[in-house]
Amino acid sequence: AQTVTQSQPEMSVQEAETVTLSCTYDTSENNYYLFWYKQPPSRQMILVIRQEAYKQQNATENRFSVNFQKAAKSFSLKISDSQLGDTAMYFCAFMKYGNQFYFGTGTSLTVIP
Amino acid sequence: ETGVTQSPTHLIKTRGQQVTLRCSSQSGHNTVSWYQQALGQGPQFIFQYYREEENGRGNFPPRFSGLQFPNYSSELNVNALELDDSALYLCASSPSRVGAEAFFGQGTRLTVV
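Residue numbers (the numbering used here), protein chains in the order written: chain D, 1 to 113; chain X, 1 to 113.
The hints are simulated quantities; they were obtained by calculation from the structure and are not laboratory data. From the three backbone atoms N, C-alpha and C, an ideal C-beta is built for every residue, glycine too. Just to be clear, a hint being listed does not mean it is correct.
[Said to hold, decoys possible] Per label pair, the in silico range of CB-to-CB distance:
#, chain 1, residue 1, chain 2, residue 2, range
1, D, S12, X, E54, 37 to 43 Å
2, X, R109, D, E17, 31 to 37 Å
3, X, P62, D, Q69, 38 to 44 Å
4, X, G58, D, N31, 19 to 25 Å
5, X, N30, D, P113, 41 to 47 Å
[Unchecked claim] Derived list of chain X stretches under chain D, where covered just means 3 residues or more per stretch with a C-beta under 8 Å from a C-beta of chain D:
#, region
6, 23-35
7, 40-54
8, 90-102
All chains should be modelled from the sequences, with the hints used to inform the complete structure.
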């Protein structure tokens with residue numbers, strides 16, 4: 001079974017600062033995909049960033065980047081130059097074949113002006 | 001906006017009743033997945049439909065059932081509602097290729113009283 005653990009229920013960061021959200025997962029699969037999704041109060045899950053496990057290079061999307069450590073089964077999200085609009089719940093998710101997500105319990109991020 | 005729409009947005013039902021939730025998938029997407037998100041938790045996979053056939057199911061009882069139509073829209077039906085069925089129900093649409101990003105709807109908030 002796949003499990004995803006987010007050990008930080010809540011975090012806060014000053015506007016324009018950098019914050020890192022942690023995620024670990026457990027799987028016996030070798031090929032899989034990892035995602036970070038953002039869920040603002042509007043409830044709609046929005047993709048932040050995606051990583052393919054067979055790629056060693058860490059994914060980046062503008063202010064968002066990941067630190068993917070396959071051997072350690074760790075997939076953290078770094079948000080640089082935090083903005084007020086980044087305030088949301090952030091979910092780490094694992095996907096193998098079949099395109100089914102396994103989500104963590106989420107980290108509530110608050111950006112403080 | 002992702003192009004995935006869910007209806008209704010909110011619903012209140014009485015224990016023992018039946019409910020049908022609806023989802024219109026994004027254009028070009030032939031796969032629809034349903035997730036249950038209890039308060040303060042990450043989404044849990046219910047089942048997935050691909051080209052009108054169930055293509056995977058999570059740990060949910062048979063009273064959770066679904067359909068996918070030729071236009072790839074989908075329904076989630078829940079019979080004999082229980083208080084613990086109160087949750088946000090999310091629909092996700094994706095193309096069929098492995099590892100593809102999923103686009104989520106805004107969810108249906110179901111309250112069972």
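Structure-based check of each hint:
{"no.": "1", "hint": "S12/D <-> E54/X: 37 to 43 Å", "in the structure": "holds (42 Å)"}
{"no.": "2", "hint": "R109/X <-> E17/D: 31 to 37 Å", "in the structure": "holds (33 Å)"}
{"no.": "3", "hint": "P62/X <-> Q69/D: 38 to 44 Å", "in the structure": "holds (40 Å)"}
{"no.": "4", "hint": "G58/X <-> N31/D: 19 to 25 Å", "in the structure": "holds (21 Å)"}
{"no.": "5", "hint": "N30/X <-> P113/D: 41 to 47 Å", "in the structure": "holds (44 Å)"}
{"no.": "6", "hint": "23-35", "in the structure": "holds (count 3)"}
{"no.": "7", "hint": "40-54", "in the structure": "holds (count 7)"}
{"no.": "8", "hint": "90-102", "in the structure": "holds (count 9)"}
When each numbered hint is compared with the structure, no violation occurs for any of them.
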